[in-house]
Every structure is written in structure tokens, then in C-alpha cells.
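Q: Same order as they appear, the protein sequences are chains A and B.
Everything in the first sequence is counted per the numbering used here, starting at 1 for the first residue and increasing by one.
Everything in the second sequence is counted per the numbering used here, starting at 1 for the first residue and increasing by one.
Treat the hints as calculated values from the structure; they're not laboratory data.
Beta carbons are placed, not taken as given, at the ideal position from N, Cα and C, and that holds for glycine.
Incorrect hints may appear among the rest.
Stated by the list, open to error - Capping the alpha-carbon separation at 27 Å, the derived lysine-lysine pairs in DSS-like fashion look like this:
no., chain 1, residue 1, chain 2, residue 2
1, B, 26, A, 139
2, B, 319, B, 364
3, A, 139, B, 309
As the list claims (entries may be wrong) - Calculated Cβ distances over 12 Å to all of chain A for the following chain B residues:
no., residue
4, 103
5, 122
6, 148
7, 173
8, 235
9, 406
10, 414
11, 418
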Amino acid sequence: MAFDPDNYGLRLFVRYLVLCLIALIFIFPLVFMINSSFKPDNQLLADTSSLRAFVPVGDISLNNYFGAFRRAPVGLFVLNSVLVTGATVLLSLLICSLAAFSFAFLRWKGRDVVFSIVIATLIIPFETIAIPLLLLVSKLPWIGLEGLQWGWLNTYRVQIIPWIADGLTIFLFVQYFKGLPGELIEAGRVEGASWWQVYYRIVMPLSGPVLATAAILKFLVMYNQYLWPLIVVQQETYRPVMVGLGYFFQLNVAWGEVMAYLTLITVPVLIFYLFLQRAFIASIASTGVKG
Amino acid sequence: MNLTKHLAGVMIASACLCVPALAQTKLTMWYHGAGNEVESRILNQIISDFNTSQSDWTVSIESFPEKSYNDSVAAAALAGNLPDILDVDGPIMPNWAWAGYLQPLPIDESEFADFLPGTKGVWDGKLYSVGLWDAAVALFARQSTLDELGLRTPTVDKPWSSEEFMAALDAAKASGKYEFALDLGMNDQAEWYSYAFSPFLQSFGGDIVDRSTYRTAEGALNGEAAQAFGKWWQSLFTGGYAPGTSEDPADQQTGFINGKFAFQWNGNWRAVETMKAVDDVVFLPAPDFGAGNKIGAGSWQFGVSAKSKYPEGAAEFIKFAAQDKYLAAFSDGIGLIPPTPSAAQMTKNYKDGGPLAMFFDLSKAQALVRPVTPGYVVQAKVFTKALADIANGADVADTLDAAVDEIDADIESNGGYGHQ
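Can you make the complete structure from the sequences, with help from the hints?
A: Structure, rendered in C-alpha cells:
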């Protein structure tokens with residue numbers, strides 16, 4: 001039977017077949033990770049040479065999960081990451097959207113120059129500023145319940161504050177704000193609304209997609225933080241999940257426990273993404289940003 | 001009135017009871033073993049015993065993941081946030097001493113006279129650190145394999161020569177029973193290469209750097225002996241004796257046990273697990289390639305941070321932890337070599353006739369610490385890259401010359417690392 005390009009059903013079948021194959025390639029690592037988390041080390045390592053690695057067969061148990069919780073304070077690490085990530089995402093959405101609002105709608109001297117500088121920060125890798133930033137935060141003052149203290153090391157704030165504002169998030173908001181109908185803003189101003197009222201009564205209610213995009217991108221950056229907490233946190237109490245992964249790499253690596261830990265720390269990310277998936281895709285399509 | 005007197009009495013009694021606790025000065029300690037339940041349990045016991053054994057000091061520990069520990073220490077040193085007691089990997093110690101992270105131990109070296117050489121961190125003539133265990137590498141084999149292939153069982157006094165070793169690999173390869181004759185653990189390109197493979201180079205008569213001056217690698221890493229080593233090293237892979245750098249990471253844990261390899265070059269930290277799985281496993285000494293048989297030495301050790309205001313307290317703790325009963329507890333717990341003969345006799349594996357006593361003898365007879373220089377940190381990385389490149393087919397002479405140039409340039413740019 002020859003291939004008929006006009007056969008809609010066949011074309012649809014081929015298209016979905018290709019899409020399913022591509023989806024499988026992306027899903028395989030997750031399937032491997034979750035299946036391996038239930039297998040003892042010997043079986044896990046033996047299965048890597050066959051398709052058994054992707055199916056829950058053999059000696060299946062929750063022992064690796066119990067082992068992971070014995071080896072490391074998994075709950076504490078997840079809680080720390082969720083706390084740091086959540087606080088940073090919320091503060092980032094507020095601060096960056098305000099900055100972007102200023103760049104998009106207000107007229108002030110030097111605005112374009114400042115915006116160019118903000119955009120220029122996108123090309124500076126974090127690794128190049130990590131050490132100067134470390135020296136800075138290790139000497140900064142803080143007034144808290146215990147009075148004036150010097151140095152931010154071993155705190156939550158040192159993991160949150162330096163990451164609130166960033167060029168990419170501001171750029172995303174600016175691009176999105178510029179796409180909003182100018183008439184709405186003008187109408188608001190003509191009706192006597194202050195710029196602050198325009199921000200939170202008109203602009204922000206229309207910014208759901210970009211808020212979701214910025215939140216997801218910031219969430220991924222923060223949840224996957226490794227280098228920064230590694231150098232500014234020396235106490236287990238404040239360690240996030242990615243630094244905690246190191247607990248599982250001893251001379252004899254417990255691979256099953258590694259997979260169990262990875263499964264545990266991946267679940268919050270998947271839930272967060274699935275929750276905001278539609279808005280994320282809509283915003284990516286509207287801002288033209290590609291990951 | 002009675003109530004008032006009663007309360008006053010309780011307060012006075014409480015104050016008296018609190019005096020010893022208040023008098024204790026707090027010492028902070030960092031350790032690389034986060035996630036290692038056995039190590040943590042033993043170390044916490046030592047700390048608890050120390051804190052209750054005297055009234056001057058109290059030690060509190062903070063554990064770090066091993067893979068990122070050195071980076072955490074370097075960052076803390078920059079920020080001026082180091083603890084009193086630092087855990088340091090033996091070959092890294094000179095670098096930390098030179099960089100100003102450590103101060104010499106205020107303990108006479110004679111107090112550790114019976115410790116294995118690899119457990120004492122000496123640089124620039126001063127003792128900086130002491131280890132509670134050592135590690136050793138050996139050639140894992142099955143007695144049945146040796147018998148089937150008609151091979152002599154080598155001993156510490158009479159190890160295999162280069163010819164005997166290659167003949168053993170040839171025999172294993174020719175038997176057709178194994179996927180490869182030898183597992184070297186080639187996937188692990190961290191400290192393993194310099195720890196496990198530089199002793200081969202030293203047995204050929206070469207070295208990573210010229211130890212007479214520590215100012216150059218010229219001649220040591222690219223001389224005739226090093227060239228011969230490089231060609232032999234490359235032949236292991238071109239000859240199909242061992243898998244190359246893309247070796248399966250699981251091989252070091254399961255390859256020998258599952259019969260994929262006839263021989264395995266591995267550390268004593270894998271010995272206990274291997275003994276459980278392989279009834280007739282034997283641990284053979286390193287072959288002698290002409291300049292004596294060598295293995296690496298030096299594991300994690302304790303030192304005192306340069307910023308510590310209480311070096312005498314930190315030294316007290318290190319001396320306390322170095323008691324035989326704790327050395328034996330660590331050995332029984334994690335399978336590594338106790339540093340003293342008396343502690344070895346208290347262990348189940350390393351006492352005379354014990355299943356791993358061989359490793360204690362190996363450490364005494366063959367151990368050679370890695371180059372004792374602050375530049376080792378860079379030299380180890382250069383050496384690792386050179387060996388990986390040669391294994392992947394790079395020209396031996398060119399690769400070793402390039403490695404020498406890189407090491408010499410680093411020494412030069414660091415003003416010789418303090419070596420005159």
C-alpha cells in the first residue's frame with residue numbers, strides 16, 4: 001500500500017507516532033529514575049544493560065526511600081528549598097514587575113541607559129561574580145531579633161536576597177508590558193488613576209501568563225541552586241536539596257538511595273510545572289522566548 | 001519563708017552545677033562525611049566522650065558532603081569563617097597549609113611515632129595533620145583464577161614483575177572467560193587517577209613531579225621511565241586488556257564480583273563487600289615495574305585551622321581521638337586500615353591472620369604518599385588528564401611533555417609554592 005499524502009488519518013497517525021517517540025526519549029530518564037528507586041543496588045546496576053532498567057521488575061521495595069531518610073534529613077532539605085524558592089519567586093515577581101513597569105511606562109532621565117545595563121547583566125555568568133558576592137555578603141550588616149549582626153552567611157536571607165532581581169525576569173516583564181494595549185493605560189491615567197493604581201489595578205491583572213513564566217523560570221533556577229548555597233551555607237540547618245545530594249556519594253555509592261532521593265526532590269518541581277503548564281506555554285508563545 | 005529558702009537553694013545549686021559547663025570553651029569542627037552513617041556515629045561518640053572527659057573544651061561538629069567539602073572550606077577561608085578543627089585530605093594538606101588555612105599542630109610528632117607514615121601530614125618540616133585511618137590499593141583476584149591460569153601467587157616480599165603481570169593479563173585474556181582481563185576503574189577521573197595510577201609511574205622510576213626540588217616536573221613526568229610507563233599504560237587499552245575512560249561506573253562495584261574481569265585494581269574500602277560476594281578473593285600486592293612496587297597512601301586527617309584561637313584545645317581533641325580504641329572502631333566500622341599496629345590487633349579484619357591484614361602490610365611496605373607540595377592540587381588534575389588522553393590514544397611523548405609544561409607553568413606562576 002503506497003503512502004497517500006492526502007490521507008488525513010494516516011498523517012495524523014505518523015505525526016503522533018513521531019511525537020510519542022520524542023516524548024519517550026524525554027520521559028526515559030524519569031522512568032529509569034523512578035523504577036531504579038525501588039530496586040536494590042546490585043539489581044539496579046545489573047539492569048542498566050537491558051530494558052529491565054525501565055520496568056519495575058525483580059526485588060521491588062521501598063528500602064531505598066527508608067535508606068535515603070536515614071542517610072540525610074531529606075524533609076529539612078526539601079523544606080529549605082521550598083522556603084527559599086518560594087520566597088525568592090514571590091519577591092522576584094513583585095520587584096521585577098515594578099522595575100519593568102517603570103521601564104515600560106514611566107519616562108525618566110537615563111531610563112534607556114539603565115535598561116541597557118540591566119539587559120547587559122544577562123551575559124555575565126554567575127560564576128564570575130560568585131566570589132566578590134561571597135565577600136560582600138559575609139560582611140553585610142543585618143538587624144534582626146538579636147540586634148545588629150555582621151555577615152549573612154548561614155542564613156535563609158543570603159540564599160534569597162541576591163537572587164530576587166535579575167535581568168531576564170525584568171526583560172520578560174518589559175516585553176510583555178509593551179505588548180499590552182496602550183489605550184488601557186492612557187484611559188486609566190485620564191480617569192485619574194495614579195501610576196501605582198495603574199500597576200496593580202490594570203497591568204498586573206492582565207499579566208497572568210508572564211507571571212507564570214517568570215515564576216517557573218525563577219523556580220527552576222532557585223530549586224536547582226548548588227554553587228551559591230555551597231559557598232554561603234556551612235550549616236546543615238540551611239542546606240537546600242541539591243547540596244544535600246552530595247550526602248549520597250560516598251566511596252561506595254548507594255545508587256538506589258540516590259534514585260530515591262532524586263525522585264523525592266523531583267516531585268515538587270513536576271507538581272509546580274503541571275500546575276502552571278498552560279499559562280507557561282501561553283506566555284512563551286506570546287513573548288517569543290525560547291528555553 | 002520556707003519557699004524562698006527553697007528557691008534560693010535550688011538557684012545556688014543550679015549555679016554551681018552550671019559552672020563546669022559555662023567554663024567549657026566551644027570548639028567548632030568540620031568534617032567531610034555527611035551522609036556516612038557509620039563514620040558519623042563513631043565520630044559523634046568520640047566527640048561525646050571528649051566533651052565529658054574534661055571540663056575545658058566542648059567540640060561541636062558540622063558535617064559536609066565529601067564531594068563539595070574542599071570548595072566549602074575554600075569559600076569559608078575567603079570569608080574568614082573557618083572552624084577550629086578541620087578535616088583535610090592528606091595530599092591536599094600542603095596546599096591548605098601554604099594557603100594559610102592550617103597552622104602546625106601544637107603536638108610533638110613523637111606522640112604519633114607508631115602511626116603509619118601515610119597518616120601523618122608533614123609539610124615544610126612541620127606536622128600539620130594526623131589521620132585516624134589509612135587506605136591502600138591492591139590487585140583483587142580469585143585464588144581459583146590464579147590456579148586455573150597457572151599463575152604464581154605474588155607476595156609483598158616477592159611481587160609480580162612487569163613480565164609476570166603482563167603474562168597474567170595475557171593468560172586471562174586468552175582464556176576467553178572474561179570480558180576484560182583488568183578493571184582499573186577508569187571512569188572515576190577525580191582523585192582516583194593520581195592516587196591509584198601514579199604508583200605505577202613511580203614503580204617505573206618516574207613521578208608526577210621532581211621530589212628533590214618540587215620546582216619542576218621535567219625529567220620526572222617525561223623522562224625515559226615516564227615514557228616507558230606511558231607506552232605500557234597505553235598498551236593496556238590498545239591491547240584490549242582493560243576498558244578505557246568510558247568504562248561503566250558500576251564496574252568498580254560489580255564488575256569483578258560478576259566475573260566480568262579477572263583482576264581488579266581497587267581500594268580496601270571495597271574489600272569487605274567483595275569478600276562477602278567472592279569466597280576465594282585474594283588481595284595481591286602491586287607489581288614491580290623495575291623501581292620497586294608502590295601503592296598510594298594518605299587519607300583524611302585532622303588539623304587545626306589557622307584562624308583558631310584555641311589551637312591547644314583543638315590539639316587536645318585530636319590527641320584524644322587518636323586513641324587505639326577509636327582507631328579500631330573506625331576500622332571495624334568502615335573497613336579502612338588502622339594507623340597503629342596496636343590498634344590493628346584490636347580489629348576484626350587487620351589483626352594478625354585477619355582477612356585484611358595484608359593491607360596493613362602493604363601500607364607499611366609499599367606506600368608512597370603523593371607529592372608533598374601545595375602544587376599537588378593542580379598537578380593531580382594535569383596528571384589525570386594526561387593519563388586519560390594517553391588511554392584514549394594520544395601520543396605519549398607529546399602528552400607527557402605538555403603535562404610537564406603545564407605543571408611547570410603553574411609552579412612558576414605561584415612563585416614555586418614556597419619551595420626553595
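Q: Now tell me if each hint is right for this structure.
A: So, going through the hints one by one against the coordinates:
Distance check on the hinted pair: residue 26 (chain B) and residue 139 (chain A) sit about 23 Å apart at the alpha-carbon level, within 27 Å; holds. With a C-alpha separation of about 22 Å, the suggested pair residue 319 (chain B) and residue 364 (chain B) falls inside the 27 Å cut-off, and the hint holds. About 20 Å separates the Cα atoms of residue 139 (chain A) and residue 309 (chain B), which keeps this hinted pair within 27 Å; it holds. No beta-carbon of chain A comes within 12 Å of the beta-carbon of residue 103 (chain B); the shortest separation is about 20 Å.
With a least CB separation of 25 Å from chain A, residue 122 (chain B) remains clear of the 12 Å interface cut-off, as annotated. Non-interface call for residue 148 (chain B) relative to chain A: holds, since the shortest CB-CB distance, roughly 25 Å, exceeds 12 Å. Under the 12 Å C-beta cut-off, the non-interface status given to residue 173 (chain B) relative to chain A holds; the minimum distance is some 21 Å. Its beta-carbon lying about 27 Å from the closest one in chain A, residue 235 (chain B) satisfies the requirement of being farther than 12 Å from that chain.
Non-interface status of residue 406 (chain B) relative to chain A is upheld: no Cβ of that chain comes within 12 Å, the nearest being about 22 Å off. At roughly 18 Å from the closest C-beta of chain A, the C-beta of residue 414 (chain B) stays outside 12 Å, upholding its exclusion from the interface. Every beta carbon of chain A lies more than 12 Å from that of residue 418 (chain B), the smallest distance being close to 23 Å; the non-interface claim holds.
Taken one by one, the earlier hints all hold for this structure without exception.
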